[in-house]
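Number of protein chains: 4
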Amino acid sequence: MQSDVKVRLMAFTPSPDGIVAAAAGLCYSASSVEDLIDRFKGEKEQKEQRESFIKKLRASGHLSPFEHVSFTFAVEGISRACSHQLVRHRIASYSQQSQRYVSMKEPGYVVPASVKNDERALSLFEEAIQKAHEAYKALAELGVPLEDARYVLPNAWETKIVVTMNARELHHFFSLRLCRRAQWEIRNLARLMLSEVRQVAPGIFDVAGPSCVTKGKCEETKPCGKPYSSMEDLLCWE
Amino acid sequence: MQSDVKVRLMAFTPSPDGIVAAAAGLCYSASSVEDLIDRFKGEKEQKEQRESFIKKLRASGHLSPFEHVSFTFAVEGISRACSHQLVRHRIASYSQQSQRYVSMKEPGYVVPASVKNDERALSLFEEAIQKAHEAYKALAELGVPLEDARYVLPNAWETKIVVTMNARELHHFFSLRLCRRAQWEIRNLARLMLSEVRQVAPGIFDVAGPSCVTKGKCEETKPCGKPYSSMEDLLCWE
Amino acid sequence: MQSDVKVRLMAFTPSPDGIVAAAAGLCYSASSVEDLIDRFKGEKEQKEQRESFIKKLRASGHLSPFEHVSFTFAVEGISRACSHQLVRHRIASYSQQSQRYVSMKEPGYVVPASVKNDERALSLFEEAIQKAHEAYKALAELGVPLEDARYVLPNAWETKIVVTMNARELHHFFSLRLCRRAQWEIRNLARLMLSEVRQVAPGIFDVAGPSCVTKGKCEETKPCGKPYSSMEDLLCWE
Amino acid sequence: MQSDVKVRLMAFTPSPDGIVAAAAGLCYSASSVEDLIDRFKGEKEQKEQRESFIKKLRASGHLSPFEHVSFTFAVEGISRACSHQLVRHRIASYSQQSQRYVSMKEPGYVVPASVKNDERALSLFEEAIQKAHEAYKALAELGVPLEDARYVLPNAWETKIVVTMNARELHHFFSLRLCRRAQWEIRNLARLMLSEVRQVAPGIFDVAGPSCVTKGKCEETKPCGKPYSSMEDLLCWE
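Protein chains in written order, with the working numbering: chain A, 2 to 239; chain B, 2 to 239; chain C, 2 to 239; chain D, 2 to 239.
A couple of the hints might just be wrong.
Said to hold, decoys possible - Taking lysine-lysine and the DSS-like style, the derived pairs with C-alpha atoms no more than 25 Å apart in a straight line are:
no., chain 1, residue 1, chain 2, residue 2
1, D, K57, A, K223
2, B, K132, B, K117
3, B, K216, C, K57
4, D, K216, D, K48
5, D, K223, A, K218
6, A, K227, D, K57
7, C, K227, C, K117
8, B, K117, D, K106
9, B, K218, C, K56
10, C, K132, B, K216
11, D, K216, A, K57
12, A, K7, B, K7
13, C, K117, B, K227
14, A, K106, C, K117
15, B, K216, C, K117
16, A, K132, C, K218
17, D, K218, A, K218
18, A, K57, A, K218
19, A, K216, D, K218
20, C, K223, C, K57
21, C, K56, B, K57
22, D, K132, B, K106
23, B, K106, B, K57
24, B, K132, D, K106
25, C, K117, A, K117
26, D, K227, A, K57
27, C, K218, B, K57
28, D, K106, A, K223
29, A, K42, B, K218
30, B, K223, C, K216
31, C, K57, B, K223
32, C, K42, A, K138
33, B, K223, C, K56
34, C, K132, C, K117
35, B, K117, D, K132
36, C, K216, C, K57
37, D, K216, A, K216
38, A, K56, D, K223
39, D, K218, A, K57
40, D, K138, A, K216
Hints listed in this document are in silico derivations from the structure and should not be mistaken for laboratory results.
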């Protein structure tokens, strides 16, 4: 069965914008933390003040306060190719479904658009996946341990993973993985993650992504030639 | 003015026990994350099941799921001697009041019990602090920048800091800093932090601290000779 | 073609035992660093003194000095299943051959012993690999980008990776990945890495591995029942 | 006694430029690691090719290969104010002389230029330091433990520390701490560290420092107004 990526924001530090603002305020102020929390974490009338303060922090590169809030995502329906890229981000925490211990009874796999859009390619692809799954099951029946039988399963195979990143690392992740030079699957994952966090931390994630969006111009040495013009442009998956 | 340490749990990942259990469950199960959250994050009747599962995780050394939840503390009234020890823990995030930018108008300082309990020592100590503060103010008046004038301020000088650690790192922190071989000030800080997190994450922090408490026997090469007998013993500051 | 793992120690901090000893010595001594280096980094007659000091550090859990020396390995002929496990170690640095950019013209794959030892399994396995590779090539010919065509390549597919870890993280890595509960492929990789570093840092890696070897008794909650009796036992691959 | 900072490059990964180039090459090439090492690590005639390749890596933001090489510095004669800033860099390893265990018999302290250059300030400063040291000794004589007596010692007090950073983190460190907005003491430390590593890794550290030098224009939101014009300008301490 073809898998579709599903991202759910499982948990996050409450009042993320307020916490970042209060922590940053502490660095430059003689106030007590109590006062700073009152100043920043509060009611809606403070929203504007808070978001403008956060904007300044981001612009000035004073990024450490963004580490105080973190976001936990339940991710399903991504390929092992994608999860291998994902876990290369080291300032993050992961709990991934194990192919060593969990039997892959039903085929679940991710199909790239470049394959989906070409009938012959799709038919080749699905046949290859099916063959691989049959070999997996046959090996298991011969007594090969699951952890070894899975060696024939393809990169496309679906995995589930719980991911936690703090807001600073998320910004870094978005800057790399929302760039058109990243592979489509992790870009799509990043886009869904960003959509989630923007709803609960509008100040922190007001602007996020590659340099075309955050700095108004591409800083890549090999530009893709199709810079995003705005956050809306970035978030509307082509 | 003598400072007293004040610790406030400013923010934390909601339902920490449930999140850890759900993330850990994912590794070994074919279930969807949705189902795992339902299973672990829910109502009180699940409390026992959840806490027993977390206990097993801790015992088995499967610690990565504990990283998905983090805790942010507002700490005031600790010395710069203590904060220098604290920030050596690198898997953590800090926002500290700056001595470069914030003027230290009023003296605020931490007095060790070994000094407090000896009248002559206390008088020597307070005089030294006062002299240092006077020199600081005099240097500032001569036009020396605050960031340089502070070079005469003592280690005892009070600081404020916002600290975030995830539950895995907190366990590590507690194992080192609640041991009697740690200095009294950071031990006291750790004790207050532990008291806070036990209230909101009883499963995760049911047992925490040095090996005398967590393993029932001291694993130090130079034991202090006064092992804690229980969590109660550990948390009741002598 | 079946791949065999190849590990080469590409680079390392020179005089690792001496550097660790000198750095550790600094913590507890009024000596200059110069003197400590002279004391520990020098000639063979100091070897015994140095190694005995390092042994004490390890036993006492004073592990941070072990971070000052690092080791860089060129690893070839491991599967992507193995590299996915490897890169989960986050206190490390990796440069991995990209399946997005490098064309996988020739089949290179890792065969588990459980498969190798069973004629029927091996034949099933090799056929599956071959089919996957054919599908990969056919997709590429249809114009599917390499980064997408690779979705049909199996977990068994060979990869190359450069890995750097410091000695503290290596000890942690060895404690987990040399345990019989780890999968055979990463265990074998870890064993080869340990063999390499023992030659250049005999003090630091005198004893390393799972608790059966380092503590003389198994600390796993689900012991394998076949504890290693010695370093020799551990290093002689069965 | 007034202390002067002393930095010694105690150890580093040999052939740093070659290792970074070979590791980076692996990502995009079908070559064996052996071949890549031969290509990049070798003789002087390869120097130019190697350095140009590294330059491209740096420019393109492909920074992870720079993590494979690390540098260990023995630092003496910095203040505890400076070391408190230094250890905030978390992707690094530290072994610091302990004020808890080492008796501070002789006064050793750092004097800011802003104090040195003003006779009255200097006299005030030195008197304050002396008073603090006397109080320290008097407290120790009264039986106050060293770890508590040190609470009266000033931020200016000298410390010794062994620091290890990899080349990627060093670049980050230099970008922040060589900026004129950083405090003079850590700027001076960073400058000395950079001078050391440029000698052994000319390709990697050809250009390093704040954005005025590395990007040709200041990216600070509050520019200092005195951008460095070149690496020479940066390295010649005013």
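Evaluation of the provided hints:
Between K57/D and K223/A, the direct Cα distance comes to roughly 11 Å. Compliance with the 25 Å bound is thereby established for this hinted pair. The suggested pairing of K132/B with K117/B holds, with an alpha-carbon distance near 18 Å, which does not exceed 25 Å. The suggested pairing of K216/B with K57/C holds, with an alpha-carbon distance near 22 Å, which does not exceed 25 Å. Between K216/D and K48/D, the direct Cα distance comes to roughly 24 Å. Compliance with the 25 Å bound is thereby established for this hinted pair.
Taken as a hint, the K223/D and K218/A pair is honoured in the structure, with Cα atoms around 21 Å apart against an allowance of 25 Å. At most 25 Å may separate the alpha-carbon atoms for a hinted pair to count; K227/A and K57/D meet this at roughly 22 Å. With a C-alpha separation of about 23 Å, the suggested pairing of K227/C with K117/C holds against the 25 Å cut-off. Taken as a hint, the K117/B and K106/D pair is honoured in the structure, with Cα atoms around 23 Å apart against an allowance of 25 Å.
For a cut-off of 25 Å, the pair hint linking K218/B to K56/C stands: about 22 Å separates their Cα positions. At roughly 53 Å between alpha-carbon atoms, K132/C and K216/B are farther apart than 25 Å, so this suggested pair is violated. Distance restraint check for K216/D and K57/A: the Cα-Cα separation of roughly 22 Å lies within the 25 Å cut-off, and the hinted pair is therefore satisfied. Between K7/A and K7/B the CA atoms are separated by roughly 42 Å; this puts the pair beyond 25 Å, and the hint is violated.
A hinted pair counts as satisfied when its Cα atoms are at most 25 Å apart, and K117/C with K227/B does not qualify at roughly 56 Å. In summary, the hint linking K106/A to K117/C is supported, as the alpha carbons are separated by about 23 Å, within the 25 Å threshold. Distance check on the hinted pair: K216/B and K117/C sit about 43 Å apart at the alpha-carbon level, beyond 25 Å; violated. About 45 Å separates the Cα atoms of K132/A and K218/C, which puts this hinted pair outside 25 Å; it is violated.
Under the criterion of a C-alpha separation no larger than 25 Å, the hint pairing K218/D with K218/A is consistent with the structure, at around 15 Å. Taken as a hint, the K57/A and K218/A pair is honoured in the structure, with Cα atoms around 19 Å apart against an allowance of 25 Å. Taken as a hint, the K216/A and K218/D pair is honoured in the structure, with Cα atoms around 15 Å apart against an allowance of 25 Å. Simply put, K223/C and K57/C have alpha-carbon atoms about 29 Å apart, too far for the 25 Å limit, and the pair is violated.
For the proposed pair K56/C and K57/B, the alpha carbon gap of about 32 Å is over 25 Å, so the pair is violated. Of the supplied pair hints, the one linking K132/D and K106/B holds, its CA atoms being roughly 21 Å apart against a limit of 25 Å. The straight-line distance between the Cα atoms of K106/B and K57/B is roughly 51 Å, outside the 25 Å bound, and the hint therefore fails. Restraint check: the Cα-Cα separation between K132/B and K106/D comes to about 21 Å, which is no more than 25 Å; the hinted pair holds.
Distance restraint check for K117/C and K117/A: the Cα-Cα separation of roughly 35 Å exceeds the 25 Å cut-off, and the hinted pair is therefore not satisfied. A distance of roughly 22 Å separates the Cα atoms of K227/D and K57/A; the hinted pair therefore holds under the 25 Å criterion. Taking the CA atoms of K218/C and K57/B, the gap is about 20 Å. The hint holds against a cut of 25 Å. As the CA atoms of K106/D and K223/A are separated by approximately 59 Å, the hinted pair breaks the 25 Å bound.
At roughly 44 Å between alpha-carbon atoms, K42/A and K218/B are farther apart than 25 Å, so this suggested pair is violated. Between K223/B and K216/C the CA atoms are separated by roughly 17 Å; this keeps the pair inside 25 Å, and the hint holds. Taking the CA atoms of K57/C and K223/B, the gap is about 11 Å. The hint holds against a cut of 25 Å. Between K42/C and K138/A the alpha-carbon distance is near 57 Å, which puts this suggested pair outside the 25 Å criterion.
As the CA atoms of K223/B and K56/C are separated by approximately 15 Å, the hinted pair is consistent with the 25 Å bound. Restraint check for K132/C and K117/C: satisfied, since their Cα atoms lie roughly 18 Å apart, inside the 25 Å limit. At most 25 Å may separate the alpha-carbon atoms for a hinted pair to count; K117/B and K132/D meet this at roughly 20 Å. Between K216/C and K57/C the alpha-carbon distance is near 14 Å, which keeps this suggested pair within the 25 Å criterion.
Pair hint K216/D plus K216/A holds up; C-alpha atoms about 15 Å apart against a cutoff of 25 Å. Under the criterion of a C-alpha separation no larger than 25 Å, the hint pairing K56/A with K223/D is consistent with the structure, at around 15 Å. Taking the CA atoms of K218/D and K57/A, the gap is near 20 Å; set against the 25 Å cutoff, the hint holds. At roughly 56 Å between alpha-carbon atoms, K138/D and K216/A are farther apart than 25 Å, so this suggested pair is violated.
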